[in-house]
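J.: Using the sequences plus the hints, can you model the full thing?
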Amino acid sequence: MDLTYSPEDRAFREKTRRWLGVNVPKDDPKTLGERKAWHRRLYEAGYVGMLWPKAYGGWEATPMQQAIVQDEMARAGAPPAINGLGIGFIGPTIIVHGTDWQKQRYLKTMLTAEEIWCQLYSEPNAGSDLASLTTRADDHGDHFRVNGQKIWTSSGPIADWGILLARTDSKAPKHKGISCFLLNMRQPGVEVRPLKQITGSSLFSEVFMTDARAETRDLVGSLNQGWAIAQTTLGYERGANSLGRVTRYAIAFSQLVRASKELRRGGRPLLEDPVVRAKLGKIYAELEVQRYAALRVLSSLQKGESPGPASSITKLSYTEFEKRYFELALEILGPWGQLIAARDEFEEVDTSSGEPGTWATAFLWSRAGTIYSGSSEIQKNIIGERVLGLPKEVRADRLKA
Amino acid sequence: MDFAFSPDQQLLKNSARAFLDEHVTPAAVRLLWDDPRGESETLWKEMAQLGWLGLSLPEAYGGSALGMVESAILLEEMGRAACPGPYFPTVLAARAIEEAGSDAQKKRWLSAIATGDARATIAFLDADLDWRPDAIQTRAETTAGGWALSGRKQFVPWAHVASVLLVPAKTPDGLTLFLVDPGAAGLTLEPAQMMDPATRLASVTLEGTPVTGAAVLGKPDQAGPLLGGLLSRGAVGAAAEMLGAARRCLDMAVGYAKVREQFGQPIGSFQAIRHKCAEMLLEVENSHAAVYYAAWALDAKAEDHDLAASVAKAYVGDAARKVCGEAIQVHGGIGFTWEYDLHLYVKRAKALEAMYGDADYHRELIVRRVAA
Chain A
33 MDLTYSPEDR
43 AFREKTRRWL
53 GVNVPKDDPK
63 TLGERKAWHR
73 RLYEAGYVGM
83 LWPKAYGGWE
93 ATPMQQAIVQ
103 DEMARAGAPP
113 AINGLGIGFI
123 GPTIIVHGTD
133 WQKQRYLKTM
143 LTAEEIWCQL
153 YSEPNAGSDL
163 ASLTTRADDH
173 GDHFRVNGQK
183 IWTSSGPIAD
193 WGILLARTDS
203 KAPKHKGISC
213 FLLNMRQPGV
223 EVRPLKQITG
233 SSLFSEVFMT
243 DARAETRDLV
253 GSLNQGWAIA
263 QTTLGYERGA
273 NSLGRVTRYA
283 IAFSQLVRAS
293 KELRRGGRPL
303 LEDPVVRAKL
313 GKIYAELEVQ
323 RYAALRVLSS
333 LQKGESPGPA
343 SSITKLSYTE
353 FEKRYFELAL
363 EILGPWGQLI
373 AARDEFEEVD
383 TSSGEPGTWA
393 TAFLWSRAGT
403 IYSGSSEIQK
413 NIIGERVLGL
423 PKEVRADRLK
433 A
Chain B
15 MDFAFSPDQQ
25 LLKNSARAFL
35 DEHVTPAAVR
45 LLWDDPRGES
55 ETLWKEMAQL
65 GWLGLSLPEA
75 YGGSALGMVE
85 SAILLEEMGR
95 AACPGPYFPT
105 VLAARAIEEA
115 GSDAQKKRWL
125 SAIATGDARA
135 TIAFLDADLD
145 WRPDAIQTRA
155 ETTAGGWALS
165 GRKQFVPWAH
175 VASVLLVPAK
185 TPDGLTLFLV
195 DPGAAGLTLE
205 PAQMMDPATR
215 LASVTLEGTP
225 VTGAAVLGKP
235 DQAGPLLGGL
245 LSRGAVGAAA
255 EMLGAARRCL
265 DMAVGYAKVR
275 EQFGQPIGSF
285 QAIRHKCAEM
295 LLEVENSHAA
305 VYYAAWALDA
315 KAEDHDLAAS
325 VAKAYVGDAA
335 RKVCGEAIQV
345 HGGIGFTWEY
355 DLHLYVKRAK
365 ALEAMYGDAD
375 YHRELIVRRV
385 AA
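Heads up: the sequence lines are chains A and B, in that order. Taking our numbering, I'd label the letters of the first sequence as residues 33 to 433. Taking our numbering, I'd label the letters of the second sequence as residues 15 to 386.
Derived from the structure by calculation, the hints contain no laboratory data. C-beta: ideal position from N, C-alpha, C; glycine also. Any given hint could turn out to be false.
[Said to hold, decoys possible] Quick list of in silico lysine-lysine cross-link-like pairs, DSS-like style, CA-CA up to 25 Å: (1) B:272 <-> B:184; (2) B:336 <-> A:335; (3) A:311 <-> A:293; (4) A:311 <-> A:347; (5) B:336 <-> A:355; (6) A:424 <-> B:272; (7) B:315 <-> B:336; (8) A:311 <-> B:27; (9) B:336 <-> A:347.
[Said to hold, decoys possible] Calculated from the model, a selection of chain A residues having no Cβ within reach of chain B, i.e. all distances over 12 Å: (10) 121; (11) 137; (12) 163; (13) 186; (14) 229; (15) 232; (16) 285; (17) 380.
T.: And the structure:
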């Protein structure tokens, strides 16, 4: 056991910090063009696609270096790269399951964010039970015709391409009749409607497909193998945000402390109130434990170990922590915590979504983490069945199948 | 960066597990519950032979000079076995003697501790239920032959079997630590009966108890920082033991959920039970990270070592309470019986939650460090 960073990792951190010091733009990029240009600079500096194979334009860096970059970016308040879903998940899926043609056509432009990608998985009636999806893709020889509706699509309005799960065999058991496609979003049969969330902004969309066209050459893997492809756990971004996330929590904590010094109750700063102190101490202990746990995961990734279903513990842990964190912050801040337009420095925080906002925005966003990418309930099922080896539940759809 | 145990550390863990599984069975623990001393001389000598008592002592005194990570590994396994005895109080007191003691004091005590011939304990808690060294009210007044101690110490671990008590007291120079013979005049021990029958605590009343000048451990007025450091170690050690007890409770709950059937199926197939078990595992894994980060930080003298110790104690105390409590719930009625072994571990964790600073105390320390 040795939790010191290696000399190489320390040097890499220094180098990254220097690069960010020189290159982080003074004003956050606003237009898509500006965001793409910043992404491109990060990519060329070696800070995007870090774990991708060099053959596909990646950098073959280590998980620790990738985590250090995210950590330093959080520290520097650097604007994030874009196309995260593509680079973290869709690209690796193509690398593992795609054809040579697909790799040549899609991977490089994905890394450089010349083309933006989105994910077309969830449907209004297929959330946790994703395999019950009903979007259809019918075989028309050289292409499939796609009809249906997707929801919770991030980057929908700016996406050029989407990875799609659609039903290609309606007679097969539900997990066995699904195929995976790469779908051109820029076609008349695809309509994207932004979905306004409880935060007031629209980071997600609904996507309606009416006789949309998916080319046969864009089928990923074999026909009706889509479910297995969607289930593949791909390690390219795992642990990437672990340190950066905790650094963002820590920055927010110091703002919370500053707020507790400035805001007063009963003739003294909140920070002198023992109840407030107890809450701060509790949340800081949890925050630090998130950091220790992140180091533990990184050290294991660094050795090439795959956490497998245990990564559900990580996801469950930090998303549930985030809810407690912002609940407690809002308890301490009272109505100040519910401002949606910041008037003072301590009121603006980095939310988990990357969307800048106030404590109120962060509080609202913290509700999303335990729902997306497999809700806490789904994670607990995975932990129970696949880590602890508890018996599977008797499920109505399994009885039918 | 390597969070995993080294091969030697893993070996220590495996051999501790094997030894405790064989010698400290639940039945053996229950036998000691009814024993007036509450510990086994045979077990103590075996631990000495295994090198556990001298684990972190210098080699000159028969020790292995290993660190807090190794201590935490052993303590986690002891917690997992709910192993009774003055192991941790003794090694913590040994640490104090090693850190602050004169050559004569070290010679007198450290080898004897390593060989299992002496037991020791620290009387942290004074009349006030306050773990801060500066809350100590016990006084030492100078006499012709040295000092006379007066005051009341509470909840002193294993004082009734200790060969020496480490007693902090206020002197005109400041807070000072004394080595006190439990048989000294004016010293009364009053054992307390605790919820965990394997946790033996006593109050120690000092009424002008005489000690010689040679009984001062370290410099007069230096006991505050020394006790602060020992409390950090105590916090991490207690957290490690709680982690072991909590993991045992989780293992028992999961094992039970796999075989106990209701409504025609194992109860572990119900989400109500499975989700509890998943949450328990989450708490146990986070506790593992907290304990071993803090242990490593102490060994590495990392800048945040005291902070990490407080984080571990505050976090693991809460986590162990949740895990042990939910283990009873998963078991249902059987978990509430004296006959079933679950309460051995539940009670061990609960006992440690209150020791070496409870979660409230350590949360306040955390805030002092990070919100100054």
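J.: Please go over all the hints and tell whether each is borne out by the structure.
T.: Okay, the hints, checked on the actual structure:
| no. | hint | result |
| --- | --- | --- |
| 1 | B:272 <-> B:184 | violated (56 Å) |
| 2 | B:336 <-> A:335 | violated (32 Å) |
| 3 | A:311 <-> A:293 | holds (14 Å) |
| 4 | A:311 <-> A:347 | holds (23 Å) |
| 5 | B:336 <-> A:355 | holds (18 Å) |
| 6 | A:424 <-> B:272 | holds (10 Å) |
| 7 | B:315 <-> B:336 | violated (31 Å) |
| 8 | A:311 <-> B:27 | violated (36 Å) |
| 9 | B:336 <-> A:347 | holds (20 Å) |
| 10 | 121 | holds (24 Å) |
| 11 | 137 | holds (38 Å) |
| 12 | 163 | holds (18 Å) |
| 13 | 186 | holds (27 Å) |
| 14 | 229 | holds (26 Å) |
| 15 | 232 | holds (31 Å) |
| 16 | 285 | violated (8 Å) |
| 17 | 380 | holds (20 Å) |
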